[in-house]
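Top to bottom, those sequences are chains A and B. The numbers in the working numbering rise by one with no breaks, and the one at position 51 of the first sequence is 664. The numbers in the working numbering rise by one with no breaks, and the one at position 152 of the second sequence is 162.
FYI, nobody ran anything at the bench for these hints, they're computed from the structure. Heads up, a few of these hints could be off.
Claimed, not checked - So these bits of chain B aren't anywhere near chain A, every CB distance computed over 10 Å: (1) ASN54; (2) ASP63; (3) ASP75; (4) THR97; (5) SER98; (6) ARG109; (7) ARG119; (8) ALA196; (9) TYR199; (10) THR213; (11) ALA220; (12) ARG247; (13) ASP248.
What the hints assert, rightly or not - Just so you have them, the derived chain A footprint on chain B, three or more residues with Cβ under 8 Å: (14) 167-178; (15) 226-232.
Heads up, the beta-carbon is just placed ideally off N, CA and C, and yes, glycines get one too.
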Amino acid sequence: MQEPGPGSEATPMRLPRGDLLRSHVVDDPAGPLRTALDRQLSGYAVFEPSDALLLGARERGVLTFEAGVPTLAYEAASDRGGPDAIAEFAHPGPYRVELYELPASSLAAAHEATDLRVPPATPATELADDPALAERTREVAPPERVDDDGDDEASALEAFLEDEEKISAIREQARDEAEQRAAEWGLTGELAGDGEPTAGDDALTTE
Amino acid sequence: MVEAFAVASGKGGTGKTTTTLALGMALAEDHDVTVVDADTGMANLLFHAGLDDADTTLHDLLLTDREATVDDAAYDRFGMRVVPCGTSLAAFENADPARLRDVVAELARDTDVLLLDSPAALGSKSAVLPLVLADRSVVVLEPTIPALSDALKVQEYARSYGTATAGVLFNKVRDEAGVDRVADRASEYFGGETLATVPATETARTARRAGEPLLAHAPTCPAATAYREAASRIDVRDGDEADVAARFRSAVVPETP
Chain A
614 MQEPGPGSEA
624 TPMRLPRGDL
634 LRSHVVDDPA
644 GPLRTALDRQ
654 LSGYAVFEPS
664 DALLLGARER
674 GVLTFEAGVP
684 TLAYEAASDR
694 GGPDAIAEFA
704 HPGPYRVELY
714 ELPASSLAAA
724 HEATDLRVPP
734 ATPATELADD
744 PALAERTREV
754 APPERVDDDG
764 DDEASALEAF
774 LEDEEKISAI
784 REQARDEAEQ
794 RAAEWGLTGE
804 LAGDGEPTAG
814 DDALTTE
Chain B
11 MVEAFAVASG
21 KGGTGKTTTT
31 LALGMALAED
41 HDVTVVDADT
51 GMANLLFHAG
61 LDDADTTLHD
71 LLLTDREATV
81 DDAAYDRFGM
91 RVVPCGTSLA
101 AFENADPARL
111 RDVVAELARD
121 TDVLLLDSPA
131 ALGSKSAVLP
141 LVLADRSVVV
151 LEPTIPALSD
161 ALKVQEYARS
171 YGTATAGVLF
181 NKVRDEAGVD
191 RVADRASEYF
201 GGETLATVPA
211 TETARTARRA
221 GEPLLAHAPT
231 CPAATAYREA
241 ASRIDVRDGD
251 EADVAARFRS
261 AVVPETP
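Could you put the whole structure together from the sequences, leaning on the hints where they help?
Dropping the structure here:
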């Protein structure tokens, strides 16, 4: 009855199926990260954009936890791991998040995949933009894991910026929303109108 | 000459007010600068500028039957003219945000650079008004994926209203080398250069506690230096005061906050 565990397709991340703790749609992914940290969860979370249809996104991210501390990240559609995977499944707007629990021993083998490792605070920073949660995660994480954090602050952001398609989608959605809101607010007359050249238009990918 | 900049960010906590006052102080070395707390629902510029006890604020100017004059609410501080906003919820509810146009139009007559510390949200007419009215925007963001996504959204809103991006400022940066690596790529999307990467600093907090802008509190700290560099990259354009005032006055009037 349950969905197969993440990584059941041909992927480098293979996890046993865990016990589902909760499944819900969240505006702020800090919530599930905080829950995992507070419960010192051994297990994993599956993140999917809940407005996938709108953005055309199909990303499905998996994040594992060791005693509540984020350990591995993997995104199935792109087959990417580590901070690059976070960049794949980070997106504006709500997520559907499923949180699963597993015995720590069941995760040991998967956690040997060091190429999928994320610095402990990266999910709090790059998914949730929550500096306090990031700091608390660093405090709880084993010191050797925090050392890994090192100068990795920008790597997920760097991978995100390489995804022109996703950034174009975010921009187009924002422009559509701006125009729609302008109409609601009676500000349509203030809109610049189509085709007015503005610096940076060349960076846009149009449909 | 006058050019109006909205200092904007997609979310709170990015250091937007610290940035507004820092850019204002740096630009004030060569220009007449007026800083306005246009974040009327969540004002905090007064705390940063030592104006906690200001008798008259922007809220008084936004009352329909106002008695205060613009001069009453404009304070000469740190080489700038500072128009703080009050923090009283009742005053906010009584204020008519549409009057911001008139206030800013009046201030525009007498200054070179107008910096509008803008709301971090885009959820209401009054929140987008500074973006609608400004000539250009300065986008402040922390170097994270959510902050960048939100900042792109702010930029698209601004551009929809014909407000181009003057530049992007990465704030609260811990890994400067990493952010330098992504800055060029980010600039391509923002259509405005990266003005600076400002290091994370506790000094911003101590400055706020002291009620002083960062550039007054710790003028030689690395963050202050980065803010000066950012200001030096903003090429203030000549605008005709009358044109700007007219534009502000003719803008569509939002009805309610």
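We went through each hint and held it up to the structure:
{"no.": "1", "hint": "ASN54", "result": "18 Å, holds"}
{"no.": "2", "hint": "ASP63", "result": "31 Å, holds"}
{"no.": "3", "hint": "ASP75", "result": "24 Å, holds"}
{"no.": "4", "hint": "THR97", "result": "23 Å, holds"}
{"no.": "5", "hint": "SER98", "result": "25 Å, holds"}
{"no.": "6", "hint": "ARG109", "result": "16 Å, holds"}
{"no.": "7", "hint": "ARG119", "result": "22 Å, holds"}
{"no.": "8", "hint": "ALA196", "result": "6 Å, violated"}
{"no.": "9", "hint": "TYR199", "result": "5 Å, violated"}
{"no.": "10", "hint": "THR213", "result": "17 Å, holds"}
{"no.": "11", "hint": "ALA220", "result": "22 Å, holds"}
{"no.": "12", "hint": "ARG247", "result": "13 Å, holds"}
{"no.": "13", "hint": "ASP248", "result": "18 Å, holds"}
{"no.": "14", "hint": "167-178", "result": "holds (count 7)"}
{"no.": "15", "hint": "226-232", "result": "violated (count 0)"}
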